[in-house]
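Sequences are here, hints too, so could you generate the full structure?
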Amino acid sequence: MGPLQIGLSILCGVVVLQLAVLIVRDLRPGRVTYVLLGLLELGLVGVLVLGLRRVFGDHEGVSVATYVAYLVGALFILPLATGWAWAERSRNGTAVLLVAVLVIPVLFLRLHDIWATHV
Amino acid sequence: MSEPAPVEGYAHETGRGFGRVLVFVYGVLAFAASGRASFELLAKFSDAPVPYGLSVLAAVVYVVATWALATNRRRVALLAVCFELVGVLAVGFGSLLWTSKFPEASVWSDFGIGYGCVPLVLPLVGLWWILRGSR
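Quick note, the sequences are listed as chains A and B, same order.
Going by this note's numbering, the letters in the first sequence line up with residues 1 to 119, in that order.
Going by this note's numbering, the letters in the second sequence line up with residues 120 to 254, in that order.
Calculated directly from the structure, the hints in this document are not laboratory data.
Glycine included, C-beta positions come from ideal geometry on N, C-alpha and C.
One should not assume that every hint holds.
Said to hold, decoys possible - Pairwise CB distance ranges, derived in the manner of DEER restraints:
hint	chain 1	residue 1	chain 2	residue 2	range
1	A	G73	B	C236	19 to 25 Å
2	A	V24	B	S219	46 to 52 Å
3	A	L80	B	P168	31 to 37 Å
4	B	L160	A	A87	29 to 35 Å
5	A	A87	B	I232	30 to 36 Å
6	A	R89	B	A209	37 to 43 Å
7	B	H131	A	G7	39 to 45 Å
8	A	F56	B	A162	18 to 24 Å
9	A	G7	B	S157	29 to 35 Å
This is the structure in structure tokens:
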């Protein structure tokens with residue numbers, strides 16, 4: 001994984017901890033959480049740009065369609081989760097955000113695996 | 120400030136409470152499986168029709184389960200989740216026993232190990248949630 005993806009994965013860990021505290025204390029996400037989620041989304045835009053630049057280079061053996069689908073799909077996870085969680089402001093809504101943030105590092109690993117087929 | 124009283128049956132809707140989390144997880148799997156199945160179907164279906172066909176089936180099941188759970192269609196959700204459990208177990212055992220039939224992995228191969236075994240655990244949680252709410 002690149003430095004941006006490693007940095008974002010660490011940020012995901014921080015957000016997951018913050019969301020876990022909110023769930024345990026039965027509190028709702030506030031401005032801090034949404035700013036952190038916004039930063040993650042911005043980071044995902046950066047990952048998309050860097051990924052597309054990579055795709056235009058040497059990529060023999062890489063499934064470009066799958067790689068780009070993962071890059072673009074990652075952008076939708078946090079907005080969809082935020083909308084879905086917003087409709088039910090409860091512990092479960094906060095848990096939806098937690099699951100969404102956990103999915104991001106998994107996507108990075110998948111992107112890494114897809115690119116690792118590059119020969 | 121007090122919350123408005125829930126309407127009758129509201130708390131037992133499959134997309135409410137913990138169901139909200141469940142629907143989201145199903146949605147993520149539906150998205151991942153649909154993307155994978157579309158690519159396999161369009162780009163390389165003839166290479167390994169059995170596993171790729173099963174990936175398409177898995178994607179359809181996840182989409183149906185997500186929709187049914189989100190819209191409180193309990194019977195459809197139950198059917199989809201039962202089908203999913205049988206599919207994961209059948210394909211999981213099949214991919215281990217008849218490796219020649221599975222030259223390429225499908226979503227449910229090796230009990231969904233490619234997705235962290237979430238496909239194996241999810242239908243069990245889904246069944247618990249659907250049946251719990253029906254009591």
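For each hint, the structure was consulted:
At roughly 21 Å, the beta-carbon separation of G73/A and C236/B lies within the given 19 to 25 Å, and the hint holds. Our hint of 46 to 52 Å for V24/A and S219/B holds, since their Cβ atoms are close to 50 Å apart. L80/A and P168/B have their C-beta atoms about 32 Å apart, which keeps the hinted 31 to 37 Å range intact. With their beta carbons about 33 Å apart, L160/B and A87/A fall inside the hinted range of 29 to 35 Å.
For the hinted restraint 30 to 36 Å between A87/A and I232/B, the CB-CB distance of approximately 33 Å keeps it satisfied. With their beta carbons about 40 Å apart, R89/A and A209/B fall inside the hinted range of 37 to 43 Å. One distance hint, 39 to 45 Å for the beta-carbon pair H131/B and G7/A, holds here, with the actual separation near 43 Å. For F56/A and A162/B, the Cβ-Cβ distance of about 20 Å falls inside the hinted range of 18 to 24 Å, so the restraint holds.
Checking the proposed 29 to 35 Å range against G7/A and S157/B shows it holds: the Cβ atoms sit about 31 Å from each other.
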